[in-house]
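In order, the protein sequence lines correspond to chains A and B.
Following the numbering used here from start to finish, the first sequence increments by one per residue and tops out at 215.
Following the numbering used here from start to finish, the second sequence increments by one per residue and tops out at 215.
No wet-lab data here; the hints were simulated from the structure.
These numbers were taken from a predicted model, which means no experiment stands behind them.
Each hint should be verified, as a subset may be incorrect.
For chains that are exact copies, the list does not tell them apart, and a pair is met inside one copy or across any two.
What the hints assert, rightly or not - Subject to a maximum C-alpha distance of 30 Å in a straight line, what follows is the list of computed DSS-like cross-link-like pairs (lysine-lysine):
1) K181 / K141
2) K141 / K122
3) K152 / K46
4) K133 / K4
5) K4 / K87
6) K138 / K76
There are 2 protein chains.
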Amino acid sequence: MVVKVYGPAFACPKRVLACLIEKEVEFEAVPLDFLKGEHKDPEFLKLQPFGTVPVTQDGDYVLYESRAIMRYYAEKYKSQGTDLLGKTIEERGQVENWVEVEAHNFNPPIFNLTLHVMFSSKLGFPRDENVIKESEEKLGKVLDIYEERLSKSKYLAGDFFSLADLTHLPFTQYLVGPIGKEHMITSRKHVNAWWNDISNRPSWQKVLQLYDAPL
Amino acid sequence: MVVKVYGPAFACPKRVLACLIEKEVEFEAVPLDFLKGEHKDPEFLKLQPFGTVPVTQDGDYVLYESRAIMRYYAEKYKSQGTDLLGKTIEERGQVENWVEVEAHNFNPPIFNLTLHVMFSSKLGFPRDENVIKESEEKLGKVLDIYEERLSKSKYLAGDFFSLADLTHLPFTQYLVGPIGKEHMITSRKHVNAWWNDISNRPSWQKVLQLYDAPL
Chain A
1 MVVKVYGPAF ACPKRVLACL IEKEVEFEAV PLDFLKGEHK DPEFLKLQPF
51 GTVPVTQDGD YVLYESRAIM RYYAEKYKSQ GTDLLGKTIE ERGQVENWVE
101 VEAHNFNPPI FNLTLHVMFS SKLGFPRDEN VIKESEEKLG KVLDIYEERL
151 SKSKYLAGDF FSLADLTHLP FTQYLVGPIG KEHMITSRKH VNAWWNDISN
201 RPSWQKVLQL YDAPL
Chain B
1 MVVKVYGPAF ACPKRVLACL IEKEVEFEAV PLDFLKGEHK DPEFLKLQPF
51 GTVPVTQDGD YVLYESRAIM RYYAEKYKSQ GTDLLGKTIE ERGQVENWVE
101 VEAHNFNPPI FNLTLHVMFS SKLGFPRDEN VIKESEEKLG KVLDIYEERL
151 SKSKYLAGDF FSLADLTHLP FTQYLVGPIG KEHMITSRKH VNAWWNDISN
201 RPSWQKVLQL YDAPL
């Protein structure tokens with residue numbers, strides 16, 4: 001069964017695409033035009049009542065929320081492709097710890113940077129320089145903690161690549177590219193080595209090749 | 001080994017306590033006084049570099065982020081106490097879907113209500129009526145989607161109680177209690193039945209009995 005992934009051009013769905021490529025799971029991308037309001041279409045809302053992406057559809061089985069979808073496919077195809085959950089329950093615990101750190105510490109400031117630097121004019125709201133400044137400061141503090149962590153282990157959850165690293169790819173790609181704050185990564189030795197490692201994985205390069213344009 | 005849980009009086013650690021009680025895992029609560037800055041103590045920051053709670057310490061094994069900790073103990077003691085993850089990979093996928101909905105759709109507005117209604121004077125920042133109004137509107141829309149969902153299945157992830165339900169307990173308890181917006185639950189038939197069910201579980205009643213005071 002080919003897995004349908006809705007909204008491939010957006011950041012969160014790109015997490016899912018990278019995960020599916022790592023797991024060697026075949027997928028079909030289904031584009032959605034947010035500016036035309038396709039995410040509020042009644043048929044789409046039957047799949048995802050909150051009107052956001054990604055959604056995956058695998059026969060009758062529908063899932064949403066990028067981090068939930070990644071966990072499901074990483075578990076379903078545990079022995080296929082790259083193991084993304086760790087080998088033991090304790091390793092998986094660390095993966096979950098750092099997936100949650102990404103969601104609750106890393107994502108809020110980098111999401112605000114994305115919104116105000118990349119999308120304010122497109123979406124028609126004022127770019128707020130205070131939000132940008134505060135978000136950069138908060139993100140810097142988070143990255144200082146990552147720097148310390150990555151001085152002790154090669155990846156966030158330990159010495160193995162996992163969902164904890166993969167989940168950082170889409171928004172960090174914006175940070176070093178269109179947001180124009182690559183220095184936040186390159187100025188931190190271990191964070192920089194980690195970023196070079198994970199962003200050069202064939203899975204992520206493939207995602208960028210297929211769906212580069214940030215929307 | 002007794003599991004140490006730091007910060008039992010706060011909302012997010014209460015998720016972990018309810019989970020440990022459901023899983024019949026023995027724990028020891030370690031109070032932290034945020035007003036005295038104990039969460040920024042260098043010794044505490046060695047356990048949790050972001051300076052937040054909960055943290056669990058199980059011998060040498062340290063975890064943080066409430067939803068990660070719940071997943072770890074629910075998995076580690078899969079066959080002990082209440083099964084909180086579903087019986088199949090597909091059921092677990094739905095659990096993850098709704099845990100993530102709680103984290104990204106339900107929690108932001110209810111957290112803002114908590115902050116502005118319950119804690120603004122204590123923490124010394126102005127209560128913002130606009131934030132309160134907008135948060136209530138957003139939360140109402142989320143609860144409308146829950147109402148629809150819970151008209152089709154008894155619990156959020158299906159016809160079984162799981163982490164997806166349990167994760168809602170602490171902040172919904174604030175909503176119907178000190179926030180004073182019980183009508184948001186009682187006015188929605190299926191949400192109300194669900195809330196009566198999950199909030200009357202012995203695990204949650206035990207948590208309230210031990211650590212009732214909202215801090």
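Quick rundown of the hints versus the structure:
1. For the identical chains of this complex, K181 and K141 are intra-copy neighbours only, at 15 Å inside a copy versus 36 Å across copies, given an alpha-carbon limit of 30 Å.
2. Proximity of K141 and K122 under a CA criterion of 30 Å is satisfied in both settings, with 29 Å inside one chain copy and 26 Å between copies.
3. Taking the shortest alpha-carbon separations for K152 and K46, only the inter-copy value of 13 Å comes in at or below 30 Å, while the best intra-copy value is 45 Å.
4. When the C-alpha separation of K133 and K4 is checked against a cutoff of 30 Å, the pair qualifies neither within a copy, at 38 Å, nor between copies, at 38 Å.
5. With identical chains, the CA atoms of K4 and K87 are at most 30 Å apart both within one copy (28 Å) and between copies (25 Å).
6. Proximity of K138 and K76 under a CA criterion of 30 Å is satisfied in neither setting, with 36 Å inside one chain copy and 34 Å between copies.
In the structure shown, a violation is registered for the earlier hints numbered 4 and 6, in ascending order.
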